[in-house]
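Numbering of the sequence shown is given in the working numbering, commencing with residue -13 and proceeding in unit increments.
Note that these hints are calculated values from the structure, not bench results. Honestly, I wouldn't trust all of these hints.
With beta-carbon atoms standing in for the labels, derived distance ranges [as the list claims (entries may be wrong)]:
| no. | residue 1 | residue 2 | range |
| --- | --- | --- | --- |
| 1 | F186 | P102 | 18 to 28 Å |
| 2 | E16 | A168 | 32 to 42 Å |
| 3 | D72 | G154 | 32 to 42 Å |
| 4 | T180 | E16 | 23 to 33 Å |
All of these numbers come straight from a predicted model, not from anything done at the bench. Glycine is no exception: its CB is placed at the ideal position from the N, C-alpha and C atoms.
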Amino acid sequence: MTDTRQPNAAPPSAPLLDGHGLRLRLWDPESAADVEAWLRGHVDPEFVRWNTPLRTITDAGSALESMRAKAADVAAGAGMAFCVTDAENGTILGSVAVNAIDRIQGSGVVGYWILPEARGRQVATRSLLLTARWAFDEVGLHRLELGHALGHGASCRVAERCGFPYEGTLRGAMWEAGRRDAYRDVHRHGRLSTDPEPEFP
-13 MTDTRQPNAA PPSAPLLDGH GLRLRLWDPE SAADVEAWLR GHVDPEFVRW
37 NTPLRTITDA GSALESMRAK AADVAAGAGM AFCVTDAENG TILGSVAVNA
87 IDRIQGSGVV GYWILPEARG RQVATRSLLL TARWAFDEVG LHRLELGHAL
137 GHGASCRVAE RCGFPYEGTL RGAMWEAGRR DAYRDVHRHG RLSTDPEPEF
187 P
């Protein structure tokens, strides 16, 4: 059978995204502060509880390797990972990304994590609103998907606030925390470019 898939188009531009008191920029693997924040985000107990990344991150070396892989995705047009910072002082607050960008189908998968000291300030909501609008307006995607482990109520609320309604439960669709031999169910949310823009809470 002939493979009808086409490679991704030129990588989407990566401007600074400003709004809702935040500035979103690319992660910089050459910045010690960025590597340290990336590492802290991935070893945080709440992150580990709800996620099992493809790449295990345990120290600065593995964090740097992971960041370079993300940078390669950006260069290839397959993803875009933004470092979420405070617009006033540049403090790193977390990460938001559009992964698995498919220019043919017009789709992508969003994900985010927030550093412990930045939680409770709607950083995930604010950054996801900015990123979704960028993905629709600048990249031209039609559909964004968001998945989180069943029981992760905080992520579910972020999705709903950002205009990603619950669409169903995928059985055994992600690894259990810290394991690659057991699976758990995933809540699937989705948002279309034609959906109304949610109001900022």
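Original post:
So which hints don't hold here, by number, going up?
Top reply: When the structure is compared with the hints, only number 4 turns out to be violated.
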